[in-house]
Amino acid sequence: MTQTHFVHGWSIDQVAARIAQDIPDGSFVNLGIGQPTKVGDALPADREILLHSENGILGMGPTPTPDQFDPELINAGKMAVTLLTGGSYFHHTDSFMIMRGGHLDISVLGAYEVSVNGDLANWSTGDPTHPPAVGGAMDLAVGAKAVFAMLTHTTKDGRSKIVRECSYPLTASHVVDRIYTNLAVIAVQSDGLHVVERAPGVSAEFLTAATEAPLVQC
Amino acid sequence: MTQTHFVHGWSIDQVAARIAQDIPDGSFVNLGIGQPTKVGDALPADREILLHSENGILGMGPTPTPDQFDPELINAGKMAVTLLTGGSYFHHTDSFMIMRGGHLDISVLGAYEVSVNGDLANWSTGDPTHPPAVGGAMDLAVGAKAVFAMLTHTTKDGRSKIVRECSYPLTASHVVDRIYTNLAVIAVQSDGLHVVERAPGVSAEFLTAATEAPLVQC
Amino acid sequence: MIDRRVADVHEAVSGITDGAVLLVGGFGNSGIPAYLCDAVLDLGVKDLTIVNNNGGSGETDVAALIRENRVRKLICSYPRASNSHWFSRRWSEGTLELEVIPQGTMSERMRAAGAGLGGFFTPTGADTELANGKETRLINGRLHVFEEPLPGDFALVRADLADRWGNLTYHSAARNFGPTMCTAATTTIVEVREFVELGDLDPEHIITPGIFVDRVVAVGAPTLMPKSA
Amino acid sequence: MIDRRVADVHEAVSGITDGAVLLVGGFGNSGIPAYLCDAVLDLGVKDLTIVNNNGGSGETDVAALIRENRVRKLICSYPRASNSHWFSRRWSEGTLELEVIPQGTMSERMRAAGAGLGGFFTPTGADTELANGKETRLINGRLHVFEEPLPGDFALVRADLADRWGNLTYHSAARNFGPTMCTAATTTIVEVREFVELGDLDPEHIITPGIFVDRVVAVGAPTLMPKSA
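Each protein sequence line maps, in turn, to chains A, B, C and D. This note's numbering puts the first residue of the first sequence at 49, with every later residue one more than the last. This note's numbering puts the first residue of the second sequence at 49, with every later residue one more than the last. This note's numbering puts the first residue of the third sequence at 20, with every later residue one more than the last. This note's numbering puts the first residue of the fourth sequence at 20, with every later residue one more than the last.
In isolation and in its complexed conformation, chain A is listed as follows:
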């Protein structure tokens, strides 16, 4: 497991819970690999929220018990999962119709950077010594009705990941609707980034100082 160090504000689990809170009952949701998978564990028990996995699953359930284990039933992160009662299987092209055709209510994606106009960079650091690998990131970013980006607010050396313009190669432009970081929840609107909520102990001034992009504070 990757250890990510949070200097301030919410823990990763708390950010996941905060995202889960914003997912309405009855939603169809895809959780990207990495941090967003934690949102699955945080979904409120009193809401019926269906998880989609790009490899052809709707109604994905939790990790199997030994007697539920099916070696061919894995999620997009290649981990063993289960299927809920009422879930279904379909082939990859149909699965990506769901993603690309605007049928998912919410896609939660990890991010390297998000820009003031909702551009998302989450697939490549541009390092030519690393082979490129995109997976379903661009399909998810482009196709869902709403895109939530989940990321730490700053890099380990303190550089803001909420930027005026992405420095990393884009995944898609103008797609992110909400940004969830350890420091704040931020709505991407046509007139800029609006702070919806700050984590406990994070002041407006601190948040502004930690963010390269201009913010409209709440």
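Think of the hints as simulated: they come from the structure by calculation, not from any bench. Each hint can be trusted.
Listed below are the simulated DSS-like cross-link pairs for lysine-lysine, each with C-alpha atoms no more than 30 Å apart in a straight line:
no.	chain 1	residue 1	chain 2	residue 2
1	B	K193	C	K153
2	B	K126	C	K65
3	D	K153	A	K193
4	B	K86	B	K193
5	D	K65	D	K92
6	C	K92	B	K126
7	C	K92	C	K153
8	A	K126	D	K65
9	D	K153	C	K153
10	A	K126	D	K92
Facing chain D, according to a computed beta carbon distance under 7 Å, are these residues of chain B, among others:
no.	residue
11	F76
12	E96
13	L131
14	Y137
15	G150
16	H151
This one's a predicted model, so the numbers in the text were calculated from it and none came from an experiment. The beta carbon of each residue, even a glycine, is placed where N, CA and C say it ideally should be.
Based on the hints, put chains B, C and D in the right spot on chain A.
Quick look at chains B, C and D alone, frame taken from chain A:
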């Protein structure tokens, strides 16, 4: 039933049988509405030939007995049919993938006219007082590995339907591989129309005289 | 809680307004959502655009909507049938606009809408008058025509069984346009023979996952018969 | 008589030659046609182009073909995995060409090949470096990129059950790329858990109709396990 008057040569049933003879064992075939449906009754019992219907059937069987009758199981001509053991159902877009994607071995189509270069006209007489209606004709003409055209050699007033250039609106250009009429079997090749077989009693001279397009006699 | 089931056909078709584009399933009488079409007739909406493979037959469903002058435009592949007299009459009068599309292109255009594509090139119809006014392109030596997605405001579809989540199975050749139309409309409305409990449909056998379905109503067996052979 | 069944994996992969384009099913280890990949390795062919979602893992199937320098080019969406060391090594050495495509575009391009389309426009990747050198077009105010069909000379697919006609069912998430790849190759070769009699597969439940399948071989259960959680 439409009555078609054959002046010379084979009957419609005989043409259907002649076509059936040219369909190899193991073929996947679509029979267009009208005359081509008669080919189904003429298929040799010792060959396993699977019929496709554009409304989502592979392995279509004959007319049902009363106890087999399923009101929703119809063929492209909207007649009640059955499904053979081993047959399958699929949706319309998948069915047309089969037709358009080059997966059918043979498509047998009725025709108003066929030209020397294999152009097919079979969907419209160009009469502006009749509403246009194309159905799956263009998909079948374009997508099958081989297209057989089945038609009477001449119109009722003696005009050749095997022409230098089609006068009716095209269904598709350069698609017909073989022409089956009451007078002859004709192969469409890059260097012209080659007579494969003449019906009994039809001389080379008669056939040439009855055909507008130039023929290479056998 | 996800529950796509509604109590009756009137609730099922609520919200359809004048000028709506309706994708109506069925090939001939097989798979026609006859109960939903009747409910649309009762709703009294007009200026509809209907996308259906055919142009109605007899006096029911699509034919009834055409007869009652509710349809401004019909998009189909094959409007003529032995008893498509209402289509013929309204078309001849000039009160019904007609757009004829090759059947496979019609289905593929709806799929493109459901798949979020901006359009595709196909050889079907490229060298015919149905490509008039459309962009063509030579691809690998073969002429292709560019076809745009064909989305609907509403899809009206008949299926066989549905559960609470809107998962669907179909019956034999009544499947036809249903699964594709379910993906291509803003609001997808389905009539089924009957409801089953969540979990009664095998996850391997569900044809339309509930994500594509907005409302389902149970109406019993289909009423329409094919022509006798 | 239609009989797609062959006796063993070596007969199944016969005819694959140097330079062939192979569409290889599977997502991670789920649905990977491991037995067929081993048979391709035994066949000794080289300069292969492999289309697979990933770049192989460990020492088996796609990874083994890459390790043994049989693969000239890999077309995939996500070549990296915790144990994709053979991909990484050959790519770093410069002996393995890599083309990365968004996963949905890869699947849609193979479908386009199977459906006889000349290509399509998609917004996925249109405003990214993966669209470099490709045609783009503004459609309804959104940038789209033109993507070409992606056909294979051979498809290697794993399914669950098959009958004599080559009708297939799949098991849970192992379905993934199989049904699409079956449509997109000149010759489609399938390994299944076991054969069943014609008629044992319900016509409503067949996922890949036999028309898309050329050869089927029965190999038993899959051997590969997912990562533990």
